[in-house]
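Asks: Listed below are the residues making up each chain.
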Amino acid sequence: MNSATIVRPEISSRCESLLGAQFVLNDTAELERYTIDGVSPQVILRPENAEQIAATLRIANEENWVVVPFGGGTRQHVGHAPERVDVVLSIERLNRIEAYDPGDLTISLQAGANLLQIIGKCAEHRQLLPVEVPEGATVGGALAAAESGPLRAGFGAVRDFCIGVSFITGDGMSGRGGGRVVKNVAGYDLMKLMIGSCGSLGVIVSANFKLFPLPQQTITSICEFELLSEAIALRDWLLKSPLSPIAAEILNPPALEYLRDTEARDPDDWAPEASGVAREAQWQMAIRFAGSDRVLARCRRELRSSMSRELNGSDEADFWKRLAGFEQRVAARHRNAMIFHVNVPIAESQAALEAARVAAVDYNFLAVIVGRATVGSFVIAFAPLAIDPPAVTQFASAASDFRSLLSKSSSALVVRCPREAKQHFDVWGSTPTDIELMQKVKRALDPKGILNRGRFLVA
Amino acid sequence: MFSLGVAGKLRKIVGREGVLDRPEDLMLYEYDGSLAQGTPKYVVFPQTTQQVSEIVKLAAREGLAIVPRGAGTGLSGGSIARNGGIILGFARMNRILDIDVPNLRATVEPGVVNLDLSNALEPHGFYFAPDPSSQKACTIGGNVAENSGGPHTLAMGVTVNHVTGLEVVLPSGRIARLGGEATSALGYDLTGFFVGSEGTLGIATAITVKITRSPEAVATLLAIYNDVQDAATTVVALTSEGITPAAIEMLDGWTLRAVEASVHAGYPLDSAAVLLIELEGLREAVDEQAEIVSNLCSRSGAREVRRARDEHERQLLWKGRKTAFGAIGRVSPSYYVQDGVIPRTRIPETLRKIDEVGKKYSLTIGNIFHAGDGNLHPLILFDNRDPEQTQRTLDAGREILEFCISVGGSITGEHGVGMEKQDLMCTLFSDSELDVMKRLRDCFNPDSLLNPQKILPSTRTCRETIAPGHSSLNAPVAAAPELR
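Residue numbers (our numbering), protein chains in the order written: chain A, 13 to 471; chain B, 62 to 545.
What the hints contain is simulated information worked out from the structure, not anything from laboratory work.
Quick list of in silico lysine-lysine cross-link-like pairs, DSSO-like style, CA-CA up to 27 Å: (1) A:Lys460 <-> A:Lys434; (2) B:Lys118 <-> B:Lys70; (3) B:Lys118 <-> B:Lys102; (4) B:Lys118 <-> B:Lys499; (5) B:Lys271 <-> A:Lys252; (6) A:Lys460 <-> B:Lys499; (7) B:Lys73 <-> B:Lys102; (8) A:Lys452 <-> B:Lys118; (9) A:Lys333 <-> A:Lys133; (10) B:Lys271 <-> B:Lys197; (11) B:Lys70 <-> B:Lys102; (12) B:Lys197 <-> B:Lys380; (13) B:Lys73 <-> B:Lys118; (14) A:Lys452 <-> B:Lys499; (15) B:Lys271 <-> A:Lys420.
It should be emphasised that the depicted structure is a prediction, and the values quoted were computed from it without experimental measurement.
Go ahead and model the full structure; you've got the sequences and the hints to work with.
Replies: Next up, the structure:
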């Protein structure tokens, strides 16, 4: 499995002359830290700027080195396992705010900037960059992975407010789309291409965003239901009503368990209590509203008949923080969980969530679900049951069964599963978008396929 | 053996009535809403995706360029046939294929008129959010090509924010699907990449869009100023205070008087500028915000703030804004519209600059723009029969756009690059950045069969920009378009 055993010292020496020896790391401990699905790189590079990234990629392209662009490492578990990794190109030194114009509600950031710190900085100016990411995530990484969370319901996805991007192609050319203004149609929209490309088309070096005014006050209505269909009925009512929540999450009964604090256990040992807990708990809709006193009073009034309780202040903030970290919470408890990012047409949500439950149960998993009910975007974890831990092929079978129940417009990407299981199936699954065109785009920007080779949907 | 000419072959695909090739018919397709001109050899009106595919294959065999065209309302020459070739008109592909309220989607053919979709959605309580001023005529296919905006894009976003799926015909004739009904599709976001590509990547033959719930309440305010700078600083204040109206439009004194002479929208004739501000949403929110905005306008120097009392008054205020370009046509033989974008904080100084440019070139420039987005539409008036004045107009336009670039802005916010601003692309992007875009175009459209010589400058044009006083519209590219 680990093919990094052939040591190629020439990579280190060539990079040292390019970046300086202190920015080329190849001691064992470091290489271990940057291991992806069991594959260690030859060398870790920490370039200072876009020019150094371009120079490195030009050599890598000539020499056919496989390059992994690396931000905070919070999403490196996505994709097929790499066959080999020669160079990890860390963007950690490109971490500055290039420009922040609060009066214009725009910000320009280098790709390695820590996104949560940036969000904190914007909050000081009562402004919001509405993307939810794990601790340590970088701007470039969040774009590459198309990160989104509960706030997507109210503010759109990152594709809707990223207004410019600069990147270096696989063969070392600088590319750029958009700019620093909020409306711009000069040239092709390269932001859309880079967002969600998982580092397979280029190394993002900087990006610009439109910001939003930070909501001054919010409340969260928790509504509980015996049945999924009742929760979906509330979702449908919400879509027709003039209330415009900034988040509307659906949670299945087992999901609540993962929002609680529990003492850390051995991740191989812990398993959800399949029936006991689940039967008592209920489906939840957590609906977050922002606005003035009068607006919030109206939202309360309209939801009164469905609402079980209201969250405010620190309880509310804490709830959403836990929910945004749902995926990490599941992963921390189960080394062997399989986590999907599922996107379906809105009206197919109920069928998709039921399909997940059925497919999970058939292979001894418990489906744990949270998601954007008004968008049709869900995080679904298949948590292994302790009674009979799954064999590696069961992950493939469960994923295949689940996907077979979805419509062709839908997708179910496995963002996380044991690496042994990855060998047995396609973690990406199907897409409605033309594969041949995607392949052409990949070859146009990374002619030799050195960027994240073998890991993305198309090569 | 008898062999058909190209016109005959086209007629075989789309039927007799679907092909124009007589000079007097072709003349009608020489123009769009810009100053550019070019005569096609044929105009063809397909009725199905399959026909589009066959036409494209035929064009490739005959070595003819294809230029897709919606209603021809574009403002950058995007639908002009530069080198003859075939104009693919979508007037007969204008069916709404599906309205899917539970999924918040509609699927349309490219020739569907923007406003017709909103009208069809109205009984369901929904509408299509992008609202270009030409929405009574322009098509959704055209909106996709240009990534069109409109006054309400301040809050609702431009076309790309509302498209989730496309069926496209590639230059090979192959029919490809991009995205679908889900909000995001796995893999590269080719749907998002395609929107705004100005017909240079493929031809959209079916478009799936998001539909938006109609707001519960709307308030339209008219803030009236004695000094255009006060109106500009109001926009800066609204933005930095974090108030996000659905739309903030600005008309300067000259423009509003021209509009009043034509439609009587109710703009006071003695004012130096008005802001048209619209608030949408929950009744409670709209009432409160109207009060906040009104106070802020007054503090920033508005002499009066009026609120439209009813839907009739509201429609009248908007009619003034949306028919402004037409109104200008009554007072000047020609006008040249710019589409520069600047950071909102730079609006006051940019308006001063436009004023200076007008004086420098002895030209009247009216200002009407999407102030909330920083998207300017200076209207330069000129007489197209006077070549010297025409050249001054182009030079003035270029100077304004160069200023926009110098303050961190862009040359086009919603009209597109087309064949009008190609050389300015070199000012905005480096050679390498343009080369990356060209590589991407070549993945889709390798022989530049579709809409050739648009968006990307030819290398020659780029080099020529170094020469002072050059402008794209009379550049010696392969077939120089003539000014109208």
